[in-house]
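Residues per chain, in single letters:
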Amino acid sequence: MTNQQNSMHACPACGLLCDDISGEAIAKQQFSCGKAAKFYARTSNGAQPRVAGQPVSLTQAVHAAVELLKQAKTPLIAGSSTDVHGARALVSLSHHTHAAMTHLNASSTLRNMQVLQHRGWQTTTLTEVRNRADVILMIGTDVVSHNTRFFERVVWVPEAMFTAPAARKIIYLGGDDLNTKPGVSPDGRAPEVIPCASEQLPEVVATLRALVMGKPVTAETVAGVDVSRLRTVAETLKAAKYATLVWVSKDLHYAHAELTIENITETVVALNQKSRAMGLSLGGSDGDTSVNYAHTWLNGVIIDTPDWESHDAVVWVNSYSPDAMPPAGTKPVIVLGAADSQFEETLAVFIPVATPGLDCNGQQFRVDGSVTLPLSAAKPSDLPTLSQVIAMIETELKGVAA
Amino acid sequence: MITVLKNAKVIDPAHGKDGVVQDIYIRDGRIIAKPADSEKIAQVYDLNGKIVMAGAIDMHSHIGGGKVNIARMLLPEYQAMRKLEEPEAHICGANCSHHATPNTTDTGMRYIEMGYTAAFEPAVLAVNARQAHMEMGDTPMIDKGGYAMLGNDDYLLRLLSQNADQKTINDYVAWTLHATQTIGIKVVNPGGISAFKFNERRQDLDQLHSYYNITPRRILQALSRAVNEIGIAKPLHVHCNNLGVAGNFQTTLDTMGASDGIPMHLTHIQFHSYGTEGDKRFSSAAANIAEAINNNKHITADVGQILFGQTVTASGDNMMQHLNAKVANPKKSVIMDIECDAGCGVVPFKYRDQNYVNALQWAIGLEVFLSVDDPWRIFLTTDHPNGAPFTSYPHLIRLLMDKTFRNDAFDKLNLDAQAMSNLKSLEREYSLYEIATMTRSAPAKLIGLHDRGHLGVGAAADITVYTDQADKEAMFAKPDLVFKDGELVVKEGKVVKVVWGATHTAKPAFDLGVEKDIKQYFDRYHTMQMHNFKISDDQIAEDGRNHVINHSQG
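One line per chain: the protein sequences are A and B, in this order. In my numbering, each residue's number is its place in the first sequence (first place is 1) plus 225. In my numbering, each residue's number is its place in the second sequence (first place is 1) plus 1.
Mixed in with the good hints there might be a few duds.
[Said to hold, decoys possible] Coverage of chain A stretches by chain B, computed from C-beta distances (three or more under 8 Å per stretch; other residues unrestricted):
id : region
1  : 337-347
2  : 354-363
3  : 400-413
4  : 596-606
Hints are computed from structural coordinates only; laboratory data are not their basis. Since the structure is predicted, the reported quantities are computational estimates derived from the model, not experimental observations. C-beta atoms are modelled at their ideal positions from N, C-alpha and C, and glycine is treated no differently.
Starting from the given sequences, assemble the full structure and let the hints guide the process.
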């Protein structure tokens, strides 16, 4: 059994990897998602390697990169915006150059990982939510800022196996200026919105956890939120057949946000003593889940955040986001990146590489971590893949192919 | 180019050879008959009385897929640095995780150093198969393969609840093998993982599923029959209901009857051999289980021996792992529901010899090993990493081969546990021939690897050379030489050449018409399309390191 030639593509523009993108939609630029539209509008035409801003051949660019890497004592591989194949190649390069490795989303990934490593968690995946969830609580996020089609593909679906999708109860807790409109049901039922400022979420979420656990809470308000409203949310969660508590780590950007995430996940654990509930961490972009997972199985450790000051050369990879930049002033920088990368500073070396899902095939993890999808080249180009470029670098570095 | 291993003392149970001294000829990765005198011999290894066996095959070891990687992420406190030498240093960084959760490179290296040339991941969530293959593809040195989990996937439960005919089920099972690039089918806590999603906390063999109105027995009947009728070698791989529960031996005995005489493999049977006798209401039922295996020739089992120390349990059985999470050590765990397909539970454990239950678990596993008569039907596993890391196999082999060593270990156990075990009365000591059977010939036969696990002409030249020693742990920990597909890859217990192995699959014929309904199901309920669920050969091979070997017949 071979895969039939398929005209649908999985879109890596966000962590949902929606795999219903037709070739026709791409040709006509017809999407229900702005992120997909922007991704598939990109073009690789005319991209050429450059050294110190001057066009050179690929061989010359690789040679220049190798010279810089040979001189570097403590290189860093950063950005790391790529798929699983690219991640494998980057890990290999890190072994050969003794480079540290990180990802541009490492700090938000780490918020989740710290919770996982401290207490663990209980989580679910998109298809479970689509077919089971009767109550969805979104904490500090509207989701759609990150995962535009979440409601379209998971919540307000035509049918589900074990629940009535249109009857779902949607609750937004906290966060400023959330776009709660997607939470309106198809028949016009408004979601419940309990506003509070992001930085007050720690107190509010801790109180919700206490209420779910049956701990005494005597205050009438917490951070401006009526405890009676939180009490109702707690009872709603306890009465649900399959409550889903959603967070996006990137949206919880205040000090010790990992403690808030832990309060969310421990609320789930408490609910599961008697009823069913699960957490769902969303967001995910630039292949962050893929790179973290592959890095873990290849190295035995998760991706960490970098100490930029201690590195004397940086290999920056931005396959997915042409506008993703290393911190200003980072030098020297070797960029293995999207063909349409726009950098304000002159780069030491720039080698355009294929973007998985656009220029070349690939394989990528979805944001929920259990599902991986093949990426197919929507606009095949002649650009080398990241793996091919790194293999050239390694050959010249060590005289042996990886 | 021909290589000859001269004067090998061959132990090859597949051919009834027990210490036969002979020469083994290798060409192009295969064992060949003695060539004509005119043919040039390029390499000669004079083994002069060394013990020679086929490469060992681990038929149940959690080496790839989501739960293993979560286990790696979960336990940073066990991460360590080490100094690597070439050629391992060429493909691996200095980080390594706990020996229960090695990274992929470490996994391949440690297996081959022990003379193992293949390992099979027994719990491939169908929807997670692509990840499992990615991890196995990054595992060097050894061959790999997987068993796809069915029996808690809502599609099958839906078919059964609608009384679908057996042909439809057979086609779906065969389709799943193709789609997931696996070689066998496993069922974990049949119906239980699904029931947990409906807030049920236990699922007994004859208990109706609260939503689908079918029993685990029905699931076992349908799947064992399907696996048998589509014609693959590997019998249904069954993780019984009620894992770890005192008194669960009765469920296990009943499960043996659930396939109506069709071959069925019960996995990590140690965890399913518990009685309720004694003050602590936890006792060994190993004798009952072993007797039943001896009497039921359609049943095979692997043990899932526990050994003392820190490990992490990683299972698809999130229903039971949710209960076990209360005794996690360190106190943390990951429980997941996955895609209306399966689940997973990752719970760290520390087995202690002074803990009554742990000590008795240790004894129960050994009692089963020593009480099952036929080494072709009982397999050496620790259910890595659940009972213990696979690197403890040499220690386990010594426990089976050396009664004095075993009894000395027994004398150190929790005294109450000693009082509840008859282990010391078991005099049996496994022979090298029996060890070779349970670690080579039998797993190859069970899985259907016709060209592995033996040293006959035509076999792949996966060969392990040992020096016979009184200390069997030392002997099996460090073979003299290991050949993978005819290449010398390990010398004196150290890797000397990096190779990448292959992925073994079974792809039986089936009616492709079954895809029409499966596609409709995906379109209606899933968040991915059916074609993305399927993994093609070239997607497994696309990094150039791996290739697929199909073992279907006909």
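Results of checking the hints against the structure:
no.	hint	verdict
1	337-347	holds (count 8)
2	354-363	holds (count 3)
3	400-413	violated (count 0)
4	596-606	holds (count 4)
Checked against the numbered hints given earlier, this structure breaks only hint 3.
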